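Sequence lines, in order, name chains Y and A. Counting with my numbering, you get residues 1 to 118 for the letters of the first sequence. Counting with my numbering, you get residues 1 to 113 for the letters of the second sequence.
Hints were generated in silico from the structure; no laboratory data involved. On a predicted model such as this, the values are computed, not experimentally measured, just so you know. Using N, Cα and C, we set each Cβ at its ideal position, and we do this for glycine too. Incorrect hints may have been included.
Stated by the list, open to error - Just some of the chain A residues that point at chain Y, by a computed CB distance under 10 Å: (1) Ser27; (2) Thr31; (3) Tyr35; (4) Glu51; (5) Arg55; (6) Phe64; (7) Cys91; (8) Tyr102; (9) Ser106.
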Amino acid sequence: GDSVTQMEGPVTLSEEAFLTINCTYTATGYPSLFWYVQYPGEGLQLLLKATKADDKGSNKGFEATYRKETTSFHLEKGSVQVSDSAVYFCALWRLRADRGSTLGRLYFGRGTQLTVWP
Amino acid sequence: DAGVTQSPTHLIKTRGQQVTLRCSPKSGHDTVSWYQQALGQGPQFIFQYYEEEERQRGNFPDRFSGHQYPNYSSELNVNALLLGDSALYLCASSLLRGPDGYTFGSGTRLTVV
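Please put together the full structure from these sequences, using the hints given.
Following this line, the structure appears as structure tokens:
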């Protein structure tokens, strides 16, 4: 079945350091891939997405490339800030047909806690 | 434009009790999905409602049930609460196809004692 595996946390970095959070997936076909971010006490916010192989999603300095050959979608940022401290979730979106409609659901990884120190 | 609203924000219940959580979707959205996020884990899909019917369900027991009203708002009910049901329950709304328009609420923190 569909699943997402994320690197274990927590990740602790100094401000302006380079960030990589690894994400690999197991799925048939070509699901869309997402990174969500969760700040303390808040719900999930979409950070970036990629809908097909070799697509690069980017937002707020974060990037991730959909690699079909390695079934990966690693999150990177060249220079992290204290305000980037949060939990990051990798997720895949699976569509299926149901009674004439197309329904989707997200499969999430376990999340990676990032703490950035000044 | 209000986003997804969930109530209550926090709740403490005793084992064996029943609980109802509520969700008002973002204006214009017609589909509501519920996720359970245990501490230190990623969200797990519970079920999805569209046109007032449960359309998809994750691997959760029948103790978890829901409802969607004509105004698209939704409820999640959990019967016979177990300690393991303690979690953050997230509601997400979207137009049917999602998830580009998926909007999550801030969640309801349920503690079962």
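Hints the structure fails to honour: Numbers 1 and 6, in rising order.
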